[in-house]
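Chains as they are written, first to last, in the numbering used here: chain A, 7 to 512; chain B, 416 to 928.
Heads up, some of the hints might be wrong.
Said to hold, decoys possible - Selected chain A positions facing chain B (Cβ under 7 Å, derived; list incomplete):
1. Asn42
2. Thr50
3. Pro54
4. Asp60
5. Ser62
6. Asp159
7. Ser342
8. Gly423
9. Ala472
10. Thr493
Unchecked claim - Computed from the model, here is a short list of chain B residues facing chain A with C-beta under 10 Å:
11. Pro704
12. Gly728
13. Ser752
14. Pro866
15. Asn901
If you're looking for bench data, these hints aren't it; they were derived computationally from the structure.
Quantities reported herein were computed from a predicted structural model and do not represent experimental measurements.
Using N, Cα and C, we set each Cβ at its ideal position, and we do this for glycine too.
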Amino acid sequence: MRISKIFTGRCIFFGAIAIIFGWFLPSRVQAQNAGNNAVYSGPTCCTPSAAFIDASVFSSSGDLCAQINTALTKLPPSGGVVDARGISTPQACAASPWNGISNPPPADVLLPAGTIYIETTWVLPNATRIFGERQNTFVTACSTSPPANCAKDFVPSDSNDALIEMGSSSFCPAGCHGVAVQDVFFVVPDAYTALRLNGIVNQYSRELSYVDHAGFANLNAAGLLVGGVTGSDGSDLAANSGPYSNLNYNPCPHSGDSCAAGTTKCVVLNAQTRGLHGITCIGDATLSCQTCAGNAAIYVNASNNSIEDVHIEGYWDGIEIGDVAAPAVVGGVLISNVTGGFNGGGAGPVTNVAHICGPNSPNLGFGACAITTGTVSDVSIFQVNDVNNGKETTSIQDDVTGTSIASPLNNDPSIVGMYALGEAVAGTTGYSRFSTFPNNAITGTAQFDSTIVPTWGVGNSAPPTACSNPGAGPNLTGSIFSNTTGTPSGSKTIWVCVAGTWQPVI
Amino acid sequence: MSRAKTVAFGWIFAGTLAGLGGWLVVSPMPARAQTPGNNAVYNTSGIVTSSAAFIDASAVTQGSDICATLFSIISSTNYPGHAAVIDARGISNTTGSPNMLTCNSGSPWTQGNGQRTNSNTTTNPATILLPAGTIYISTSWILPNFAQVAGEGKAATVIKACSTGTAGCSANFAPPAWDNSWPGGPANGVNAMVELGSPFGTTGSCGQTCFCPGGLGSTDCNSVGVRDFTLDGAGQNINGIVNQVSQELTFVDDVALNNIEGIGLWIGNDANPDAVTSVGAIEAGNSGPYSNLVFNAGTGALSTTECVNLQAGTRGVHGMSCTANGTPAAAIYLDGSNNSIEDVQITGFQDGVLIGSQALSTLATNFRNNLLLNIGAISGVTNVVHICGPNPPNGSAACAETNNPAADLTIVGASNLGVISASITTIRDDETETALADASVAMYVLGEQTPNGSTTQYTRFTTSPRLPSWATGNVAITANSACTGNGSLYSRDVASTGTVLWACVNSVWTPIR
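Using the sequences and the hints given, assemble the complete structure.
So, in structure tokens, the structure goes:
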């Protein structure tokens, strides 16, 4: 009996132990990678899944970046997803998430909502993409004045002075691929007045590298800077990157910048890309970007770029094309749907919405580019709108041909449907060129400082006698007019504007 | 001895259980308080623990429907103030068809729909991942500042307007009574299935429940977006997506708009405060892009059915197909400045892109500077692009509004694959009295009126040989050869002697020099 009781007791004991441990075995004893997702593989929970590594479990590693760093080391060499959305914010990062990882695996890193203060540059390695939660995720440069969860002020990792670098000479000296930033806002605190910080600098990432839905607030240098480093094959190491799409840039409201400084830029393209598509650049009336001739929101300093769907306020120049020194050549540039000036906001006018750099600035108060010795050709511009409410400005300033398409003085916008600058015509001082600009405000008010742009008029009747502007502006000398109802014996078909009068040709 | 053994064994047994129990007590998984819906992941000790990477809405206490559940999460006092990702993909119908959900309670951000007042509102931002299946909605989903909604793709996630008689729906779809329209707004009222921000609040005058910061008419929303689902209007005269106030970084991507007999996508601009509705200056300028969209009105399309109504300057409509039954007047109404419309295919609308047709005095002075790129009609379209103006060609009827000055318009790539005739055009330009019946046109750029000229005299360039154009070739033109575009030029580019420039005069190529 006693033996039976003892046996029974032992059975209960070992049974209980077996059941308890058996119940926990799948989830607690089986070897897992920390951060793995817990999923069902059968009726009981759980088994690990390597679908992603949750970085929030590495809280003992340190701050948010240290936790991401640890998670990155858990990825297989082929790469994976690091989910850091479970890490609470705000947090400060003492180092980059990739700090100390000599051969980082390809990774998609999901950042949490809230503010991530960074004390140094994040340099993204090859095949690395970071995703935020759009305008709910802020990456902010650390400042201890006022303190913001930071132990020290932001110190850039190199002379690029960037919050984010896409690739680097150490990660990919011959160029990275597939580096991306998406759905993140970048902020520099008001305290930064001495150190000029760029938002994203891409000098080393090429194909399939992009920035999408990003914002830049309070920066006092460039929001986005692309290119500028040449590889061994002679091409720019950021060539064929992009598109850079759906961006928003607001510089810091600091005053007192000198014109010589001129470093508050929205975008600088020094390489051929897949384009800049959809951006708003807002300047400030107190900044040199608006008050100093030649300072631009967007610099297109490389060939083969498309700039589309752009809104700019508060800069001297909206888009500058070819602010480069000889013997550099910039061509094959497409600009479309650009609005400059007060439209949609109140940050101030834009003196020249699109400014083609060259040596022939007409000296009408519209200014020249900082550098005028490069060669610019083959620029196609569709739909530029200059909304400047009384300030005499231009929608297009072409310093290659010495052309100004200026706004009228009655607050009407200066709009150009098409302006295509070709190339120099051999044996002449002219350029192949076509524009639909008729030098005639839609209300009939003159654009006094507009220069002559020969164009082509069409109508189903003979043109009027005068081909001059109804105001005091210049005429259309050199323009032609087609009368679709002309006949050999009646009203002529082809006319040319000579010294303010339409003259029949045939 | 045996008793001692028994006692000792009992202590061992009890101690072991106590130890295990204690371990379980301090173990993170069973004892640690987690936020319901948190994900489960393995920590560094190999123990399952919680992660706040996202909130799984299927694991929280379920409300009366999916919208009530989502609202309870977003409006919770524990909800992070800086937003969160809410994964609702695991929610299914437990009492009926698992893939059919209903929202009779309101929307994820507004509740109290029983009285059509939606009086209970939260404006916390969130990124919501919707499940596959059909979600029947009884009222508008109005997204607040910084909010996003994403489905599992157009074929998988369908948000459908409730109709009386549909299982689970208590009434026909109806918008909140306080979400007003205004002069210049959609003719059928806001009536939106999805609205990107709103200038209104639940009290009508916005009060403390504004969807956009700053309140009525003074400040816009930003970064509001929807993607990867289908909106099904169930054949009702309601609108799909309305954006009247959300601007920078606001977008719509990969969305289908089916069986909507109102307006598929309406992007507004009202620059003048309206005393009647207390609406201030509101607009959706600089929003977009609106990309990869499909509109299919179904069989019940009305003459007033529209694919897109675009009144503001945006970052463009890029990639869209518009399909109807031939009844609607126009697919895309373009009445704003500074837009690019690219890669559009249209079927079954009288006009494809209709420019400047709306009698909106507030828009008239701003109506310029638009780019159309790759606009095509498959069939059943009378004019692929129709520019309104005072000079309709061939005695055809003018647009209802002819005083909006269409100018500075560039069309690159327009085609009509349907039957072309004098009355069926690729481009009809009522400013210059032009009907262009080419099957396709590479370029048509309408500039502005020439100085002192008549109202039909414009700067213009087109590659169509039926209009004044510029041709080049390396051979001379035979004398008296016929031409089609009176006023055209022909340049002979290989010539050492003889004529190098001709003009098309009275339908005959005539040498100039």
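Do the hints match the structure? See the list:
1. Asn42: Because about 5 Å separates Asn42 (chain A) from the closest Cβ in chain B, which is inside the 7 Å limit, the hint holds.
2. Thr50: 12 Å, violated
3. Pro54: With a minimum Cβ separation of about 5 Å from chain B (threshold 7 Å), the hint on Pro54 (chain A) holds.
4. Asp60: Result: holds, 4 Å to nearest chain B Cβ.
5. Ser62: 5 Å, holds
6. Asp159: Because about 24 Å separates Asp159 (chain A) from the closest Cβ in chain B, which is outside the 7 Å limit, the hint is violated.
7. Ser342: At about 5 Å, which falls below the 7 Å cut-off, the nearest Cβ of chain B leaves the hint on Ser342 (chain A) intact, so it holds.
8. Gly423: 4 Å, holds
9. Ala472: Since chain B brings a Cβ to about 5 Å from Ala472 (chain A), closer than 7 Å, the hint holds.
10. Thr493: With Cβ-Cβ at 5 Å, under 7 Å, it holds.
11. Pro704: With a closest approach of 6 Å, the Pro704 (chain B) hint holds.
12. Gly728: 6 Å, holds
13. Ser752: 6 Å, holds
14. Pro866: 4 Å, holds
15. Asn901: 4 Å, holds
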